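All chains should be built: construct the whole structure from the sequences, respecting the hints.
Sequence lines, in order, name chains A and Z.
Numbering-wise, the first sequence is residues 0 to 288 according to numbering that gives the first Met the number 0.
Numbering-wise, the second sequence is residues 0 to 432 according to numbering that gives the first Met the number 0.
No wet-lab data here; the hints were simulated from the structure.
Hints may be right or wrong, so weigh each one.
Said to hold, decoys possible - Using 30 Å as the maximum straight-line C-alpha spacing, the simulated DSS-like pairs for lysine-lysine come out as follows:
(1) Lys311/Z - Lys237/Z
(2) Lys329/Z - Lys85/Z
(3) Lys329/Z - Lys124/Z
(4) Lys273/Z - Lys183/Z
(5) Lys273/Z - Lys128/A
(6) Lys273/Z - Lys296/Z
(7) Lys128/A - Lys183/Z
(8) Lys128/A - Lys350/Z
(9) Lys431/Z - Lys41/A
(10) Lys432/Z - Lys41/A
(11) Lys221/Z - Lys432/Z
(12) Lys55/Z - Lys71/Z
(13) Lys140/Z - Lys432/Z
(14) Lys128/A - Lys185/Z
(15) Lys350/Z - Lys55/Z
(16) Lys296/Z - Lys41/A
(17) Lys296/Z - Lys185/Z
(18) Lys183/Z - Lys124/Z
(19) Lys350/Z - Lys140/Z
(20) Lys128/A - Lys329/Z
(21) Lys329/Z - Lys41/A
(22) Lys85/Z - Lys432/Z
(23) Lys71/Z - Lys140/Z
(24) Lys237/Z - Lys431/Z
(25) Lys181/Z - Lys41/A
(26) Lys221/Z - Lys431/Z
(27) Lys158/Z - Lys140/Z
(28) Lys124/Z - Lys85/Z
(29) Lys71/Z - Lys85/Z
(30) Lys329/Z - Lys55/Z
Quick caveat: nothing in here was measured; it's all calculated off a predicted structure.
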Amino acid sequence: MERPGAAWAAPGLAFFFVFALLPMAGVVYLSFTSWDGLTSPKFTGLSNWNQFLSDGAVWQSTLLTGILLVGNMLVQAPLSILLGVWSAGYQRNRAVLSAVFFLPLLFSTAATSIMWRQLLDPNFGVPSKLGWLLGGNANLFGSQWGAITSLVLVTSWQYIPFHTLIYQGAARSIPETLYQAAAIDGAGRVRQFIHITLPQLRNAIITSSTFMVVGGLTAFDIVLLLTDGGPGTDTAILPFKMYQTAFQTYDFGYGSAIASFLLLVATGISLLLVKASGYDKMTSTMEGL
Amino acid sequence: MRDTISRRQALGGMLGIAGAAFMATACSSSGSSAGTGSAAGTGSATFWTLQDPTNKIQQAAVTSFNSAGHGKITLDIVPSAGYLDKLRTAMGSSEEPGLFFSWGGGNLDYYVQAGKLVDLDPSLKSHFLTSALQAGTSGGKLVGVPCRGTQPVFIFYNKDVFTAAGAQPPTTWAEVTDLVAKFKSKNITPFTIAGDANDSWTELMWIEYLVDRLAGPGLFAKIQGGDWSQWNDPAVLKAAQTIAQLVDSGAFGQNFASVTYGTGGTSTLLASGKAAMCLMGSWEYANQQGISASFAKNGLGYVTFPAIEGGKGDPANVVGNPSNYISITKAAPQQTAEDFLATTYSTSYLKGLIAMGEVPVTANAGQLLSGAPDPAYAGFLYDLVSKAPNFTQSWDQALGSTLATPMLTEIQKLFNGQDSPQQFVSNVLAIKK
Numbered sequence: 000m001e002r003p004g005a006a007w008a009a010p011g012l013a014f015f016f017v018f019a020l021l022p023m024a025g026v027v028y029l030s031f032t033s034w035d036g037l038t039s040p041k042f043t044g045l046s047n048w049n050q051f052l053s054d055g056a057v058w059q060s061t062l063l064t065g066i067l068l069v070g071n072m073l074v075q076a077p078l079s080i081l082l083g084v085w086s087a088g089y090q091r092n093r094a095v096l097s098a099v100f101f102l103p104l105l106f107s108t109a110a111t112s113i114m115w116r117q118l119l120d121p122n123f124g125v126p127s128k129l130g131w132l133l134g135g136n137a138n139l140f141g142s143q144w145g146a147i148t149s150l151v152l153v154t155s156w157q158y159i160p161f162h163t164l165i166y167q168g169a170a171r172s173i174p175e176t177l178y179q180a181a182a183i184d185g186a187g188r189v190r191q192f193i194h195i196t197l198p199q200l201r202n203a204i205i206t207s208s209t210f211m212v213v214g215g216l217t218a219f220d221i222v223l224l225l226t227d228g229g230p231g232t233d234t235a236i237l238p239f240k241m242y243q244t245a246f247q248t249y250d251f252g253y254g255s256a257i258a259s260f261l262l263l264v265a266t267g268i269s270l271l272l273v274k275a276s277g278y279d280k281m282t283s284t285m286e287g288l
Numbered sequence: 000m001r002d003t004i005s006r007r008q009a010l011g012g013m014l015g016i017a018g019a020a021f022m023a024t025a026c027s028s029s030g031s032s033a034g035t036g037s038a039a040g041t042g043s044a045t046f047w048t049l050q051d052p053t054n055k056i057q058q059a060a061v062t063s064f065n066s067a068g069h070g071k072i073t074l075d076i077v078p079s080a081g082y083l084d085k086l087r088t089a090m091g092s093s094e095e096p097g098l099f100f101s102w103g104g105g106n107l108d109y110y111v112q113a114g115k116l117v118d119l120d121p122s123l124k125s126h127f128l129t130s131a132l133q134a135g136t137s138g139g140k141l142v143g144v145p146c147r148g149t150q151p152v153f154i155f156y157n158k159d160v161f162t163a164a165g166a167q168p169p170t171t172w173a174e175v176t177d178l179v180a181k182f183k184s185k186n187i188t189p190f191t192i193a194g195d196a197n198d199s200w201t202e203l204m205w206i207e208y209l210v211d212r213l214a215g216p217g218l219f220a221k222i223q224g225g226d227w228s229q230w231n232d233p234a235v236l237k238a239a240q241t242i243a244q245l246v247d248s249g250a251f252g253q254n255f256a257s258v259t260y261g262t263g264g265t266s267t268l269l270a271s272g273k274a275a276m277c278l279m280g281s282w283e284y285a286n287q288q289g290i291s292a293s294f295a296k297n298g299l300g301y302v303t304f305p306a307i308e309g310g311k312g313d314p315a316n317v318v319g320n321p322s323n324y325i326s327i328t329k330a331a332p333q334q335t336a337e338d339f340l341a342t343t344y345s346t347s348y349l350k351g352l353i354a355m356g357e358v359p360v361t362a363n364a365g366q367l368l369s370g371a372p373d374p375a376y377a378g379f380l381y382d383l384v385s386k387a388p389n390f391t392q393s394w395d396q397a398l399g400s401t402l403a404t405p406m407l408t409e410i411q412k413l414f415n416g417q418d419s420p421q422q423f424v425s426n427v428l429a430i431k432k
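What follows is the structure in structure tokens.
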């Protein structure tokens, strides 16, 4: 059978070209200019990039972005896999409970952040009642680790349902015969999970991880609304710094340099993830079955 | 085989043509867009304003203006979070509002330099108090007229908490120190402050007053005029050290870094008696009315910021927002927009503001104040502002966002203890090279 020709990809490619590639080219161009948003951009060559490479605050932001990314992945991946595999089963009430767990994803990120900001208020929110657990003054947003934990908590609450969905679909397609064969050989549920479920979920794990990486490198709305980069600059991740530089200090040229850097890093990490895991070979987890 | 090759060629040709077409349109529309509205007489215009309880007074003025037939104004109410950023983005696009509300000061300077604002008729000045017009002036030309009451900053306090503690509101800095110790021993936060990263302007007000009391208004006036090295003045370091002392002595409580401004934050803490005092602008009265009208009327006290012994500044000086201003952009139909400005000094508009507890800055405001719902409060505000030798505009508005955003971050770090007073001074100096 003849493989689909390139014309099948043309509509998608045209859309991608107009709404992704052209703006990216625009941002890269802007990173070589100085622009305040009101007048015309002035070409300044490499000055934004020189400033970028020598700016300590940018490297601190990059480190913070990495910390937040790792924190999010460590919390979201295990919980999503467990929830996804559970909701792929056929237990009673599974459908209702899965629908309830899915609700946080449907709320807008901005509304979720504002709601959680009120819930985590030190005087009137949940922490004020949990003094025995959190110690004394419930000053969650006053310390770096408190702020990072709050961010990971809110992001996980919102996005675990999304990754759960990915894993649920993948877990549903694992053939039952594998589990039956393992049961015959005497494998219990935990061994079945480690040796059958997880390897079969390999492609889903890579998809979900790529989403988490890209999300972690671009999502600044939760940071803006929950901690505003605070306390001080302790949670000023790179996307937030980009927004602040461009839209709050009106230095669109430098903000574009940060944006271009984020673009490079996100693309690089995604490619690395795909190549290192062998995802691009498009091998099926069900060969030989 | 031949089919596949020709399809590939066709695809390549398609993408090439599409690419060329899009590049052409992109290049032709690059660069800043000029205002698209007609500069001619009447028409319709959008008026961007901040979301606030006084919006209903503004809407009433807009509705009656529209029915008079000189043009049509549409009131666009924008929530306050990031208002100036949104305004800036709109001003740089083809969606410029015809009129907009702002705090005047440095942020208007950007628009004037970019040629976006219309110089207003100087005869409008006669309707307003001179001190209030200064923040609406840029480069000697009037670009904004006051449209709100004056908003000085002073100390609000909970009368019940003070009575229970047998204390009097402070008039000197020594009394402040005593009160801090007294309230701390009763487990009441002496001064509530919104240390949350979004609300660091509440911390800025403390620095504004401390520097004014210690060095007088001339210091900031020089900074505003462009001399950034004035941050090296010993008074700035002394103010920063005073803040560090206040924080260490527990004057703001332990968890102020997570407290937000307003309802559910500082206002509720003050109203509920968990805090004794709060340094805030006059708009706090409306916040308190929203939480509990009876507390606002009976339990809310107010007193000016105390004098500091040995300071050079006049204790009668005031900081805050002289007013808020309406400016006209080049995108508005000029006749309609200028006619609309007449509402800002019309009696019905002023009476509406006064009924909401505001004290307008028009020349005739004093006579209309008898209609205020709380004449004692209105009288206090009017006396405070009219007798102040100097009214310094809030620093973040006076300097403009490009300098104010990093400055606010450093102030936040000072209060959180992330910056020592010396580091605060050197970091702020490094903002403008």
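Hint-by-hint comparison with the structure:
1. Lys311/Z - Lys237/Z: With a Cα-Cα distance of about 13 Å, the restraint between Lys311/Z and Lys237/Z holds, given a limit of 30 Å.
2. Lys329/Z - Lys85/Z: Answer holds: Lys329/Z to Lys85/Z is near 18 Å, not above 30 Å.
3. Lys329/Z - Lys124/Z: Distance of about 21 Å is within 30 Å: holds.
4. Lys273/Z - Lys183/Z: With Cα atoms ~11 Å apart, Lys273/Z and Lys183/Z stay inside 30 Å; holds.
5. Lys273/Z - Lys128/A: Holds, at about 15 Å.
6. Lys273/Z - Lys296/Z: holds (19 Å)
7. Lys128/A - Lys183/Z: holds (21 Å)
8. Lys128/A - Lys350/Z: violated (45 Å)
9. Lys431/Z - Lys41/A: holds (20 Å)
10. Lys432/Z - Lys41/A: Holds - the C-alpha atoms of Lys41/A and Lys432/Z are around 20 Å apart, at most 30 Å.
11. Lys221/Z - Lys432/Z: holds (16 Å)
12. Lys55/Z - Lys71/Z: Holds, at roughly 17 Å.
13. Lys140/Z - Lys432/Z: holds (28 Å)
14. Lys128/A - Lys185/Z: holds (20 Å)
15. Lys350/Z - Lys55/Z: Holds - the C-alpha atoms of Lys55/Z and Lys350/Z are around 13 Å apart, at most 30 Å.
16. Lys296/Z - Lys41/A: Answer violated: Lys296/Z to Lys41/A is near 56 Å, above 30 Å.
17. Lys296/Z - Lys185/Z: holds (25 Å)
18. Lys183/Z - Lys124/Z: violated (48 Å)
19. Lys350/Z - Lys140/Z: holds (28 Å)
20. Lys128/A - Lys329/Z: violated (54 Å)
21. Lys329/Z - Lys41/A: Distance of about 23 Å is within 30 Å: holds.
22. Lys85/Z - Lys432/Z: Holds, at roughly 27 Å.
23. Lys71/Z - Lys140/Z: holds (27 Å)
24. Lys237/Z - Lys431/Z: holds (21 Å)
25. Lys181/Z - Lys41/A: violated (59 Å)
26. Lys221/Z - Lys431/Z: holds (14 Å)
27. Lys158/Z - Lys140/Z: violated (45 Å)
28. Lys124/Z - Lys85/Z: holds (29 Å)
29. Lys71/Z - Lys85/Z: Given pair Lys71/Z, Lys85/Z holds - Cα atoms ~23 Å apart, limit 30 Å.
30. Lys329/Z - Lys55/Z: Holds, at about 26 Å.
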